[in-house]
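Q: Using the hints provided, position chain B relative to the given structure of chain A.
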Amino acid sequence: MKKHSPPKWALRFLQFFYKERYLEQIEGDLYELFQREGETRKAKFHFGLNTIRFFRLRYLKGLDDFEQLTTLAMIKNYLKVAIRTLIKQKSYTAINISGLAVAIASALLISMYIFHEKSYDNFYPDVDRMYRVANGDNGSWTPTLLAQTIQAEIPQTEAATKLNGLSESFLEVGDQGILQDGGLWVDENFLKVFDIQLLQGSLEYALTEPDHVILTETLAAKFFADVAAMDQVIEIDGDQFKVVGIVADPPKNTHIPYEYIVANPVDPEGKYYWSGNNTFTYLKLKEMSNPSDVSILLADLYAEKVGPDYIEYTGHESFEALQKEYPNRNFAFTMVPVLDIHLQKPHFSMGSQGDQESILIFSLIALFILLIACINYINLSTARSSVRSKEVGIRKSLGSQKKNIILQFLTESMLITLISVIFACILAILSVNLFNQLTQRVFVSSDLFTFESMAVLAVLLLIVGPLAGGYPAYIMARFNPIQALKGGVAKAGKQTFRNILVAFQFATSVFLIAITLVIYFQVEYMQSQDIGIDISNTLVVKNGVQLEGKYDVLKAELEKNPYIKHVSKSSNVPFYGFPDYGYSVPNQSGLSFSPNNVFMAPGAEQVFNMELLDGRFFKENFVPDTACVIVNQALAKELGWEDPVGKKLKRDDKIYTVIGLVKDFNYSSLKRNVDALIIRHGSPSYEIGIYHQNYILVQFSNKNLKKVFEDVEGEWSKVAGGYPFEARFLDDTFQLQFESERRFGMIFTTFSGMAIFIALLGLFALTTFVLQKRYKEIAVRKVMGATISSLINMIIKDFTKLVLAGSLIGIGAAFYWLTDWLQGYSTRIELSWYLLALPVLIILALTWLVVSAKSYKAAIANPSKALKDE
Amino acid sequence: MKGTHLGEFEELVLLIIGVLYPNAYGLAIKQEIADQTKRSPAIGAIHSALSRLEDKGFLKSHLADATHERGGRRKKLYEITASGKQAIEYNRSLRNTLWNQIPELAWKKL
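Quick mapping for you: the protein sequence lines, in order, are chains A and B. Quick note: the first sequence uses the working numbering, first residue 1, plus one each step. Quick note: the second sequence uses the working numbering, first residue 1001, plus one each step.
Among the hints, a few may not be true.
Unchecked claim - Beta-carbon label-pair distances, calculated as ranges:
#1 B:1100 x A:56: 37 to 43 Å
#2 B:1065 x A:36: 16 to 22 Å
#3 A:79 x B:1023: 44 to 50 Å
#4 A:36 x B:1037: 18 to 24 Å
#5 B:1109 x A:56: 44 to 50 Å
#6 A:56 x B:1101: 35 to 41 Å
#7 A:56 x B:1023: 21 to 27 Å
#8 A:36 x B:1100: 40 to 46 Å
#9 A:84 x B:1100: 56 to 62 Å
#10 B:1037 x A:419: 53 to 59 Å
As the list claims (entries may be wrong) - Here are the simulated DSBU-like cross-link-like pairs (lysine-lysine), alpha carbons at most 35 Å apart as the crow flies:
#11 A:42 x B:1038
#12 B:1060 x A:44
#13 A:61 x B:1108
#14 B:1076 x A:3
#15 A:80 x B:1056
#16 B:1085 x A:19
#17 A:76 x B:1056
#18 A:8 x B:1076
#19 B:1038 x A:44
#20 A:80 x B:1038
#21 A:19 x B:1076
#22 B:1085 x A:61
#23 B:1060 x A:61
#24 A:8 x B:1085
#25 A:19 x B:1108
#26 A:76 x B:1038
#27 B:1060 x A:76
Source of the hints: derived by calculation from the structure; they are not laboratory data. Ideal placement from N, C-alpha and C gives every residue a C-beta, glycine not left out.
If we strip away everything but chain A, and leave its shape as in the complex, we get:
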């Protein structure tokens, strides 16, 4: 019988996978078994089978056993040495990791914010075909007829819709009623343009009748917890609507965060003017159509429809003549891609507004903080390189090449970065809430761990590690082994390079502090401005229109209260925005202009304590006053009137006589100069409609704001027929306009705090190192009679030079940027020298504190200790 031999593959398999120390026994037994079974084909088969059956975890070779793969072994060795080094230099590692972790955490949060901001409205499947129609280049409001005219006359249109909102209404179901904002008033095409999917209800039927309403899931659950919401009746501001659909809540990143969608079709019998701009218009183009063709059609539409009305009103001969006279104005409807609204045209947004600039600023801040943290690493490791020169020397003399040394040090920096990334994630999760306050968004910690953020982390890991570790590794690899082994001779990188990096850190810190300070002072300055009217102790009650004529009752009741001084009403409130109305001047050959316009009842001048320069204010119950107006100085100046009282203004064929001139007061924003203003008499005439009494102004003299609020609320509820009371103190509204600056300031305070923290960490470690290096020198100086203060001075002097050099650059950059920023404010502070000197002093003080604390310890040490060992 032919003798078989054990299968070769099985032996190779055994030798490859199984550990040396088990191998001999396994092979031996298998051989013996093979022999006993008579070296037959069957025995051979058993040999193979048993080989596989030996496959157990404990026999398998680990990484240690692949000795032939030297790269793997080297990487293992690099890691091992890196871990040991990091553990050995605990404080140095802690400083590096905490700096990098803070920096990476900020970068992570900021990248989350940027991704979110850029993602606005990208969830609409056809968003690249969706446009907002703007009036001119930037006008949000368009004529009511525009949407249906586009639908009928522009062939590339798939659907066009008009919408209004988001508004606040009083929603009532049974006896449950609340003031609910987020109301969107639309025609039925809205569903087509925005691809709205109904969870319940029919897309064909929904919004076709004027009494239809669609609720979001959340709102439906709020009102109809127990019953199905569909086909229920809900009262909106007193009118009955039927629920015809339920939609999912819109995503967080929408520019229209609606809560309920109310049918608001164009009334076929209604009278609409092309000159009146009352709605927003959106349009979706058909696939493959060219937007620039549509732009031309839209411009033509404007010339055709709006043009005639416009020139009739301005008195120009033709539309072309009008365009010629105002070459800077775009007389056309234009298209703004829906994707651009959030960031580039935020005033078109109905929800939280984006800010292109803040994205840029955030990115720069993240970059700076990362750089500062990387510089810390570079400085500390190059400074420490002399400590490790012996290690490098031994490695080199044992055969390490440059490549190996570089890899060793890169492994260390990668390891530090990796640990920092882990800490950064924890840090980021913990600070999501703080970050939400800074950005006015509602992130949750799970938003941090999206695919994009993870990609950012991976990129950061791959960039920060080599960026921070690259230069030190390069420096170390160049050491001459003989010099390195002799000790101390090896140069620890270029001193100048390190100095430049430290100076850069201080430049960044000073830059950020300067900006923080100037923002703070600017806001303070604006708040302390005399705006020309008295806005303190004034309560503004909203929804005055709900009183339906019982205003006089409320006023009489309120005025009985001894601490209520004046009660009046107006169509708009300062700092909430006044609308502009077009007027012409009959005596000046039809000159037309658009001043801001507000309706006020008699008595409002007392509430606001307006200063009348000439003429008089409106009289109570004096009908002729409805044809009279009061103007401000800015208007008189714009029209070139020396003596405005008695002059005439014209609007809609009505002539208004100027009866008074008020001193300019600020009513919109301290960022702007005071614009021309017309104050008209709030009368119940048709033109003014119900708006003239929408805000009730109550001036009081009582320090107890809570009591004032409650008293006024009490009177309101007696006459308002159950309509909820909503009021706000006027100075709170005034403060609101500084909201964005405050946020801006908060962002800079937070991040400059971080930047300074990281920079000081680095400074601390660097000082420690410098002192270590000059340990003996200090001792010798002390023995020779140097005083403690002279020793501290010596150390501080070097750092002071660096701080001053860095500050110079930082201040320069801050000055440049701040001059530009302050241009945006008509009321602004001067960039005086002390505002720019202060950040330098702060940084200098912090530096001295850190450095002298550290050097004091070295200076008071007993010199004999330093000198005895040699």
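A: Only chain B this time, still in chain A's reference frame:
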């Protein structure tokens, strides 16, 4: 007491090593188990039981000379250690104690 616990198969292997003294090695143990118990364990199972027992300190081993039938590989001969003995003795006494506690009555019914 995970460290000192003896599984049924481990106990068997331990006892067989005692029986085979001083010539207990992997294949011999397999053969002996097959002869005495009519069980036919895989050689791999024997090896892993041996490794486990050695890890627990119940066995010591030394290498014998290489032989031709083993393809030039050496045998690894196993002996029971003191703690190995303690472990099987514990198992034995535990079994005896329990055995003695069974009342006569329990057998009567069989």
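Q: Indicate, hint by hint, whether the structure satisfies it.
A: Here's how the hints hold up against the structure:
no. : hint                       : result
1   : B:1100 x A:56: 37 to 43 Å  : holds, 40 Å
2   : B:1065 x A:36: 16 to 22 Å  : holds, 19 Å
3   : A:79 x B:1023: 44 to 50 Å  : holds, 46 Å
4   : A:36 x B:1037: 18 to 24 Å  : holds, 19 Å
5   : B:1109 x A:56: 44 to 50 Å  : holds, 45 Å
6   : A:56 x B:1101: 35 to 41 Å  : holds, 39 Å
7   : A:56 x B:1023: 21 to 27 Å  : holds, 25 Å
8   : A:36 x B:1100: 40 to 46 Å  : holds, 43 Å
9   : A:84 x B:1100: 56 to 62 Å  : holds, 59 Å
10  : B:1037 x A:419: 53 to 59 Å : holds, 56 Å
11  : A:42 x B:1038              : holds, 22 Å
12  : B:1060 x A:44              : holds, 32 Å
13  : A:61 x B:1108              : violated, 57 Å
14  : B:1076 x A:3               : holds, 27 Å
15  : A:80 x B:1056              : holds, 30 Å
16  : B:1085 x A:19              : holds, 29 Å
17  : A:76 x B:1056              : holds, 30 Å
18  : A:8 x B:1076               : holds, 24 Å
19  : B:1038 x A:44              : holds, 24 Å
20  : A:80 x B:1038              : violated, 52 Å
21  : A:19 x B:1076              : holds, 16 Å
22  : B:1085 x A:61              : holds, 32 Å
23  : B:1060 x A:61              : holds, 23 Å
24  : A:8 x B:1085               : violated, 41 Å
25  : A:19 x B:1108              : violated, 56 Å
26  : A:76 x B:1038              : violated, 49 Å
27  : B:1060 x A:76              : holds, 33 Å
When the structure is compared with the earlier hints, violations turn up for hints 13, 20, 24, 25, 26 and for no others.
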